Every structure is written in C-alpha cells, then in structure tokens.
Amino acid sequence: MSLTEVNHWGIVKKQYKFKLKAYAGVFTSMMVVQVIALLLSLGGTGGSSGSSSSGFSLTTNSYSGSMVIAFTMVWAFITAILITTKAYRDDDFTFVTNRLTSNLSNMLFLTIASIIAGTTSLLTGYLLKVIVYLFFDVDLLISSSQTFSTLLIGLVATIMYILLFAALGYLVGVLAQLSKMLIIILVALFIGYPIYASTGTGIRDEPTLFITIGQFYQGESTLLLLVIKIILTVIVLFFTSLIITNRLEVKQ
Amino acid sequence: MNVIECNQLSKAYGKFDALNLLSFRIEENKITGLIGRNGAGKTTLLKIIAGYLKKSSGELRVFSEDPFNNLKLSANTIFVDDDMNFPPALTIRQLLQAAGTFYQNWDMDLALRLFDYFEFNPNQKHDNLSKGKRSTFNMIVGLAARCPITIFDEPTTGMDAAVRKDFYRALLKDYLAHPRTIILSSHLLNEMVEILEDILLIKNGEKYFQMSIADVKEFAIGISGQKQIVNEWITGKEILYKKSYTLGNTYVVVRNDLSEAELESAKRKGLEISPVAADDLCIYLTGDTKGGIDDVFDRG
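Read top to bottom, the protein sequences are chains A and B.
Heads up: the first sequence begins at 1 in our numbering, then just goes up one per residue.
Heads up: the second sequence begins at 1001 in our numbering, then just goes up one per residue.
Hints are computed from structural coordinates only; laboratory data are not their basis.
Fair warning: there could be bad hints in the mix.
To be verified - Output of the computed footprint for chain B on chain A, the stretches with three or more beta carbons under 8 Å from beta carbons of chain B:
(1) 8–15
(2) 19–28
(3) 84–93
(4) 96–104
(5) 240–250
As the structure is a computational prediction, the values presented were derived from the model and not from experiment.
C-beta atoms are modelled at their ideal positions from N, C-alpha and C, and glycine is treated no differently.
Same shape as in the complex, but just chain A:
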C-alpha cells in the first residue's frame, strides 16, 4: 500500500471544518450566555437614577449591550480553556493530525468563533434597545448617535476584545494541561493577587498591575492602534501555546 502525501494547510482546513461540526455545543452555550446577559440587561445597565421634586418625578435608565459583551468575553475565555482539555485534544488524534495542525485548527476555530460571538453580542445590544422600545413604557427614548462607521468600529473592537480573551484562555488551558500545579499558581495570581492588593492601605490599595494592563488595551481611542495591539498580543499568546504543546504526549 503506497503512502499518502499530506500538506499541513490542507489538514488544518479539514480539522477546522470538522471542529465546526464537532464543537457545535460551544455555540449553543454562547447563545445561552447571551440570552441570560440580555435578560439581566433589561433592568437597565448602569447609571439609573431617579429624582423627584414637588409635583413630578424623573427616572432615567440606560441600556447598552456592554453586559452581553462582557459575558461573551468570559464565555470565550472558558471555551478556549475547554478545547485544550484532554477529551478535546485526544479527539484530534483519532484522525490525522500532529500537534502543529491541531493547534492551528484550534486557533482558527477560536478566531472564527470570536468573530461570530463578537457580531452576535453587538447585535444583541441593538436587540436590547429594540425590546426596550417595543415593550417598555418609556416617555422619552434618547439613543446615542449611530452611524454605519460607529457600528463598524464597535464591531471590530468587540471582536478584538473577545479574541483577546479567547487567546488568553487558550494559553491558560495549555498551561493547566502542562501541570496541575500551574492551575493553583494561576488562580493565586489572577484571583488572589487582586484581593490581596486591594485589602491594604496606602500603596497597596489597588491591583495596580492589572489596572495598568487593562488600561493598555482599554484606554486606546484609535481603532487601528487597538487592533494592532490586540493582534500582536494574540499572536504572542497563541505562539507561546504552540511552543508549549508541541512536545506534549497524548493518550497516556
């Protein structure tokens, strides 16, 4: 029997298509997460205020898709961790793969999933406004100015943030695969450190490190710069994951 020749990119594409079908549950959970976020947002997201003086009262509520986007970011983070776990990793090895193509197809999948999740979460924000408009008894509805270009900017930025969380989750998942000890260290770092840092006084009154990191991505007002920052970070995160998993054994 003669040997079959293979090319890497061809296999990556096949695996990616396979994963779109095999990981369909991921998108179901995304929808559930977004519906829950939407329902929670119906009570108004942030900045509701009321005041009354003689004879009349005034209540303002603001509605935005920010909670949906935040929930979707968490979903992306967890989904990325999920697909690095043993059950998902071993699936690849039932069929044709090596570690490089397995990782590349995962990354391609996460990127496409981020684009889908970013689009739906942004649109869910509009759905929220439509629901408020149709079903809520509102005297005056003031919408922030919307143009096609702001929609586009919002879309790209949302996708970028979700992709950033997915890439971070992927690295976290890969580290957890490497050693269970690393899970404890990661938890201590990401949950313990902020608690520790914010319980002190004086210089130790807030997690400055995280705030600085957060501002690096959040405080960017130019879309192009934001995209460059995030894409470079994502490449670094994915590349690190790739290097770590490339020698990992499977099916032990």
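Since the structure of chain A is already known, use the hints to place chain B on it.
What follows is chain B alone, placed relative to chain A:
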C-alpha cells in the same frame, strides 16, 4: 522491506521502565501479533509507533521516519483500541463521514456495509454504545481507513464470541484484498493465531522472541508421565514450564531441540509426548513463576 525498525528502544514513565532496550523489525504487508501479559508494555510500544508517546531513548523508524509528531505518518497510520476518542456531538454515521475526509484510502462502502451487518443505528452517539458495540465501531473505522499501518490494540475487548470471529474474518478478507502492515495486540492468542504470520512476544518491556507462527508451533513439546521418570529424563534440558498433578504425574514443557534418539527414549520409558499450542506456550514463556497460580495457594 522493513516498515518498522526498532533499535534499543526504551520508554520510562518516571522511574518505571515500560520498555527496555527493545529491538525488532516488522516487514511490510505482514500481520504481526504483539503478545505479552498485562503490563508487558504492549500498549506503550504501539502508542510510540502511532506517534502518541515520545520514546525515552533508542531508535524507532516507521517508513524511515520518526513517528512522534509526524503528520505524514499520522495520515498513514491508524491506532484502534477500545478507548478511541470521538467528539460526543456527532452521530456515529457522521463520525464515519468525518473519518472519510481525513483518510485518503477510506472505503465508505465497506464501512456502511459493516455498519449494516453489525446492525448499528446511524443516529446513535458513540458514547451511548455498549462496550462491545463501541469496540465493533472502532474496528470498522480501523478497517475502512485502509491505512498502510493499521494498529489494533486489544481490539476485541467486550465483543461477544460471534462478533470476535466476524472481526478476525473481516480483517483477514480485507487484508487479502488490500495488503497492508497490521499489528494486532492481544493476550488472547488462541483466537487470532490463524490469521497471524509473525509473533512478537514481549515480557517486562523486553523482547522475548519474534518468529513466524509455524516456528512457534514447533518451538516446544510437552512431556507427561510419572514424576520420577519425567524428572530423570529432563535433567540437562531447557525447561519452560512444569506442573505437578496428584497421583504423582507431572507435565513438563521443554524446548524442542531434541534428537530423534532422545524422543525414542522418552517413548520407551512410557512418557507421553504432545505438541504445545502457541497460546499456551506464550503463557508458559511469559510466566514469572514455574508453578503458576497453584503455587500461591499451595502453602502447607
């Protein structure tokens, strides 16, 4: 041509040596049986060949390449065991289609015919299959993939006797139509002895022997008779196994390098000579104690 060449291969899990300086060759288009007791290192060896595990030292060449992390060999190798992972979201019919997109020689027609024969419900999920059905499904994937290297690790786990028979028959028929290199591992040698050409016997991670099935059948003979006469006769011969019965009878398996005269003398002394079946021989050869399980209970 040698498809698999293995020199001084070792694999350690921590301080435990699963494989120890193993050297062997497997020729192209042969069916080789990998035989050994539980924990002999069969699965470890097969997983290294399949590229799942990394060797610790030594050399292993599959089609002249290192199998670990090798995409080309992954496309040309299939590893089937009872623990194969399939995504739970897909039905078993969809899994066959997925396998078809990955393996170039995939024979969908054969897969579906076997599917029908073993009465699978195409809409079932792999996770919900019974143990025997799961093994049968994995076997169908392994056969239909038509990979130049096909590895079955304990493929018949959970299958009933009829399905086991069908499996070996299907394997043989498909092998004759599409010859390829097949490695079968099992501890149930007797049921697959008819389709094997070569046997590779390993014990405690080391090679015990590798020979053709015909040679294995001739490798040893069994002698039985009165204890005293047997003991007298076997002095100076290589004893592979010895078992005492009540009433002073003893059964001994010795290596078959005896001359005609020696066999004659045994017959004249009233000893019975019998051939040793291949699977019995493998058990005797890999046994750790000469007495076997009876020794554990005979302490008094």
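Hints, verified against the model:
1. 8–15: Coverage by chain B holds here, the residue count being 3 at a Cβ distance below 8 Å.
2. 19–28: holds (count 5)
3. 84–93: Holds: 5 residues of the stretch 84–93 of chain A have a Cβ under 8 Å from chain B.
4. 96–104: holds (count 6)
5. 240–250: holds (count 4)
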